[in-house]
Amino acid sequence: MVSIKESLQGLGEYVLLIGKAISVPDRWKMFWKQYVTEMFQLGYNSIGIVLIISFFIGAVICLQIKLNIQSAWMPTMVTGYTTREIMLLEFSSSIMCLILAGKVGSNIASELGTMRITQQIDALEIMGVNSANFLILPKVLGLMTIMPILVTFSVFAGIIGAYATTLLGTTSIAELNEGFRYEFNQWFFWCGIVKAVVYAFLITTISSYKGYSVEGGSVEVGKASTSAVVTSSIYILFSDIFLTNMLT
Amino acid sequence: MIEVKNLYKSFEDKEVLKNINTTFCNGEVNLIIGQSGSGKTVLMKNIVGLLTPEKGQILYDGRDLCTLSKKERSLLRREMGMIFQSAALFDSMTVLDNVMFPLNMFSDKTWDERKKRALTCLERVDLHNVGQKSPGELSGGMQKRVAIARAIALEPKYLFCDEPNSGLDPKTSIIIDELIAGITHEDKITTIVNTHDMNSVMGIGENITFICEGRAEWTGSNKEILSADNKYLEEFIFASDILRHLKQSYDKDNGKAEK
Numbered sequence: 001m002v003s004i005k006e007s008l009q010g011l012g013e014y015v016l017l018i019g020k021a022i023s024v025p026d027r028w029k030m031f032w033k034q035y036v037t038e039m040f041q042l043g044y045n046s047i048g049i050v051l052i053i054s055f056f057i058g059a060v061i062c063l064q065i066k067l068n069i070q071s072a073w074m075p076t077m078v079t080g081y082t083t084r085e086i087m088l089l090e091f092s093s094s095i096m097c098l099i100l101a102g103k104v105g106s107n108i109a110s111e112l113g114t115m116r117i118t119q120q121i122d123a124l125e126i127m128g129v130n131s132a133n134f135l136i137l138p139k140v141l142g143l144m145t146i147m148p149i150l151v152t153f154s155v156f157a158g159i160i161g162a163y164a165t166t167l168l169g170t171t172s173i174a175e176l177n178e179g180f181r182y183e184f185n186q187w188f189f190w191c192g193i194v195k196a197v198v199y200a201f202l203i204t205t206i207s208s209y210k211g212y213s214v215e216g217g218s219v220e221v222g223k224a225s226t227s228a229v230v231t232s233s234i235y236i237l238f239s240d241i242f243l244t245n246m247l248t
Numbered sequence: 001m002i003e004v005k006n007l008y009k010s011f012e013d014k015e016v017l018k019n020i021n022t023t024f025c026n027g028e029v030n031l032i033i034g035q036s037g038s039g040k041t042v043l044m045k046n047i048v049g050l051l052t053p054e055k056g057q058i059l060y061d062g063r064d065l066c067t068l069s070k071k072e073r074s075l076l077r078r079e080m081g082m083i084f085q086s087a088a089l090f091d092s093m094t095v096l097d098n099v100m101f102p103l104n105m106f107s108d109k110t111w112d113e114r115k116k117r118a119l120t121c122l123e124r125v126d127l128h129n130v131g132q133k134s135p136g137e138l139s140g141g142m143q144k145r146v147a148i149a150r151a152i153a154l155e156p157k158y159l160f161c162d163e164p165n166s167g168l169d170p171k172t173s174i175i176i177d178e179l180i181a182g183i184t185h186e187d188k189i190t191t192i193v194n195t196h197d198m199n200s201v202m203g204i205g206e207n208i209t210f211i212c213e214g215r216a217e218w219t220g221s222n223k224e225i226l227s228a229d230n231k232y233l234e235e236f237i238f239a240s241d242i243l244r245h246l247k248q249s250y251d252k253d254n255g256k257a258e259k
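Line order of the protein sequences matches chains A and B.
No gaps in the numbering here: position 189 of the first sequence is 189 in the numbering used here, and each next residue is one more.
No gaps in the numbering here: position 206 of the second sequence is 206 in the numbering used here, and each next residue is one more.
Bear in mind the hints are in silico, worked out from the structure with no lab data behind them.
Since the structure is predicted, the reported quantities are computational estimates derived from the model, not experimental observations.
Hints may be right or wrong, so weigh each one.
[As the list claims (entries may be wrong)] Derived pair list, reagent style PhoX-like, types lysine-lysine, alpha-carbon separation capped at 20 angstroms:
1) A/K29 - B/K115
2) B/K223 - B/K252
3) A/K20 - B/K70
4) B/K71 - A/K20
Take the sequences, apply the hints, and build the full model.
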């Protein structure tokens with residue numbers, strides 16, 4: 001078990017590293033280049049998995065509600081309404097970010113961990129480059145920028161998935177349309193966006209800290225990668241409770 | 001010139017560097033030699049500022065690295081170039097981008113001028129037409145040469161090499177040594193090489209600091225090393241076949257008893 005002292009030490013190191021990372025870049029031109037690259041690598045390359053998962057989860061949620069919850073005494077719009085609310089409030093923001101914590105978190109931790117053990121980070125420091133700022137800040141801002149777009153895609157993919165279930169004949173387009181339009185609260189969409197931005201910050205900073213502070217060899221990089229995913233996921237789940245309570 | 005004065009460094013209870021005093025001269029290849037675990041890498045890391053010593057001074061032409069402000073330290077680092085044991089090339093970039101990287105970060109020159117400078121550096125280490133390759137496509141020796149090109153891109157005043165011949169065959173090691181010595185003499189920079197390669201010691205060691213158990217036991221040139229009267233240095237030399245034969249013939253020529 002990790003002792004309290006070690007946990008506090010880890011927290012202190014994390015805060016110091018993020019403090020070092022969040023500073024004015026040495027060269028804005030290089031920063032923008034890195035920022036666009038990270039948006040592409042962390043965000044654009046995740047669009048496929050986001051669309052696939054969201055489409056099928058949207059379809060499955062719709063089917064489950066139709067088959068298990070809807071009954072004769074319930075209005076027909078319940079299936080569409082519930083699917084929309086689940087996708088907007090929880091799945092597309094929190095659960096999708098948990099999935100992305102696995103993909104993006106391990107990617108960041110292993111990249112920075114490998115750079116650490118192959119002395120690439122030392123090389124940056126020797127050159128007089130603020131390595132934390134150069135490597136971490138573009139990842140943090142890149143994912144925080146692209147995550148709301150991914151969440152929006154996820155919501156739409158989920159709704160398309162729900163419409164796809166009409167091909168199975170369990171529900172109709174008219175019923176789903178009614179449910180999707182029923183008492184739509186725009187704020188719920190923005191709640192998902194706010195959550196996604198916070199989770200993007202947590203995923204990138206925690207994974208960067210785990211990777212940046214690796215000591216040893218390839219085994220330690222692997223451990224850091226796993227630890228990044230586990231820790232990011234736990235913090236996402238904790239913050240989900242507070243954010244849900246605060247925002248809705 | 002880099003002067004190290006009364007330098008101490010410990011890790012928890014273990015004292016790794018004990019009162020190191022030595023001078024690294026300008027325009028010369030300065031070597032730090034010693035057994036594995038003797039503290040030479042820790043000394044190098046202290047000199048370049050990757051570690052902070054407990055006590056002592058590291059003077060870069062009179063500027064104490066330990067007392068410099070963050071900004072001054074950052075500016076000083078732009079006068080340094082370093083070649084790492086593993087070359088430490090950025091594997092997400094091409095060879096040309098690696099060499100251009102310090103220029104892109106710190107030079108105000110135009111992109112064409114920066115590219116021209118990077119290509120000049122690559123030509124200087126005898127690497128033509130590899131600019132668009134990724135570091136992973138190059139051999140170990142070529143990677144070291146790219147690392148040298150990157151290290152000299154900003155025309156540094158101080159060049160640091162951490163075991164530059166590690167993992168290289170003897171012929172490639174000589175090429176790397178000659179490159180380092182050539183750059184040092186032509187550009188009149190202060191070069192510090194951390195090595196335990198005896199070929200390098202005899203080939204390019206103009207000013208040698210021998211580290212043993214965290215102490216600077218001996219300093220001198222490669223011409224003086226065979227006549228050195230130091231027990232630890234003799235033990236170190238006798239571990240190398242090349243130097244043992246040289247030392248034995250030196251002792252024989254000078255009428256000393258054969259060991």
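How the hints compare with the structure:
For the given pair, A/K29 sits about 16 angstroms from B/K115 by alpha-carbon distance, which is consistent with the 20 angstroms threshold. Restraint check: the Cα-Cα separation between B/K223 and B/K252 comes to about 16 angstroms, which is no more than 20 angstroms; the hinted pair holds. Annotation: proposed proximity of A/K20 to B/K70 holds, straight-line Cα distance about 12 angstroms (limit 20 angstroms). Of the pairs offered as hints, the one joining B/K71 and A/K20 holds, with about 14 angstroms between alpha carbons and a cut-off of 20 angstroms not exceeded.
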